[in-house]
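Turn these sequences into a full structure, and let the hints guide you.
Single-letter residue listing:
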Amino acid sequence: MTHSTDLKFLVVDDFSTMRRIVRGLLKEMGCSNVEEAEDGVVALARLKAQSFDFVISDINMPNMTGFDLLKAIKADAALKHLPVLMVTAEARKEDIILAAQSGAAGYIVKPFTKATLEDKVQKIMLKLAATA
Amino acid sequence: MSSYQALNDMTTKEVVAPPSASPEVFQQLGQITRQLHDTLTELGVMPQLRNAAEGLPDARSRLNFIVRKTGEAAETVLNSVDQAKLEHTRIVDTTRAIAESILADPVRAVASGSLMNFVCEVEAATQRIDAHLTDIMLAQDFHDLTGQIIAKVVALAGQLEDSLVKLLLQAAPAEQPGRLEANLLNGPVIDPEGGNDVVTNQGEVDDLLESLGF
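Quick mapping for you: the protein sequence lines, in order, are chains S and X.
Quick note: the first sequence, position 4, residue 4 per my numbering, numbers continuous.
Quick note: the second sequence, position 168, residue 168 per my numbering, numbers continuous.
Calculated directly from the structure, the hints in this document are not laboratory data.
It is possible that part of the hints are untrue.
Unchecked claim - Chain X stretches covered by chain S per the calculated footprint, using a threshold of three residues with CB under 8 Å from any CB of chain S:
hint, segment
1, 100-113
2, 157-167
To be verified - Far from chain S, some chain X residues (derived; all Cβ distances over 10 Å):
hint, residue
3, Ala59
4, Ala74
5, Val77
6, Leu78
7, Ser80
8, Val81
9, Lys85
10, Thr94
11, Ala97
12, Phe118
13, Val122
14, Val154
15, Asp197
16, Phe214
Using N, Cα and C, we set each Cβ at its ideal position, and we do this for glycine too.
Dropping the structure here:
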């Protein structure tokens with residue numbers, strides 16, 4: 001099984017503060033291989049140029065939303081295996097359902113705690129390991 | 001001349017002496033109001049104005065949320081800093097005490113367990129300080145949340161402004177409307193959030209996803 005500490009993360013959020021927070025929390029979880037993208041367009045370019053293991057994405061972003069990024073990832077044969085964890089302030093049930101139906105591996109509403117992020121990342125990795 | 005200057009000129013000209021309260025004036029005012037209402041309805045301004053007005057209580061609650069969120073963040077940061085500084089002071093005091101006991105009698109300091117106790121205390125204190133630093137880091141999430149809300153309120157203010165400008169254009173003398181730049185009228189569209197169909201915490205998100213089999 002791949003430990004989350006070995007994974008390469010891509011954190012996508014238009015707010016640099018939130019990217020730093022998620023990066024900091026991942027580092028506390030022992031995951032130091034983290035890159036950032038400020039929107040879906042930049043994220044998609046990074047995903048196609050480099051190899052990543054895990055995507056953590058906001059939804060409400062300029063240029064390309066998290067939903068569009070999620071759909072683009074799931075529509076790409078080379079990327080669709082990637083787990084995408086949505087971390088967003090969007091708390092509407094329809095958004096949560098849409099994210100799940102679009103292939104999101106998890107959904108976290110802001111504000112969140114370190115324990116929540118850690119729990120979701122671990123559960124997603126366990127699920128992936130079980131299905132592999 | 002800027003559009004705002006033109007708007008100022010226009011509104012200045014609108015300020016005239018109040019009419020006498022004769023029935024003819026009220027009748028004329030009624031006709032103008034009806035004409036204005038019909039014109040505004042045809043232009044689609046009224047629904048926009050109504051939407052903007054309906055959004056105002058929500059804008060107030062959003063701004064109150066910002067006040068609350070930034071207040072909570074400040075409180076969290078200050079409390080965590082106080083706690084971390086307290087831990088730091090304890091480490092400094094303990095370090096001084098252990099240094100004195102080592103200087104006085106190094107063998108006894110080790111044999112009595114004082115040195116080992118000190119090491120354990122420092123380790124525990126640094127873990128607590130690290131937790132405080134994490135709390136400070138997490139408290140910064142207000143920037144993201146309040147930033148999104150401010151953007152929505154600014155969009156709402158823009159919509160309201162556009163509606164009012166259109167209203168002024170219709171109320172102005174016939175020769176005035178063309179003086180305003182067209183781009184002043186292009187307002188953002190507000191996407192109002194649903195009321196009851198939202199979750200309030202992570203537990204509700206998990207329950208919802210679980211109920212759907214995810």
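Hints the structure fails to honour: Hint check: 1, 2, 15 and 16 fail, others pass.
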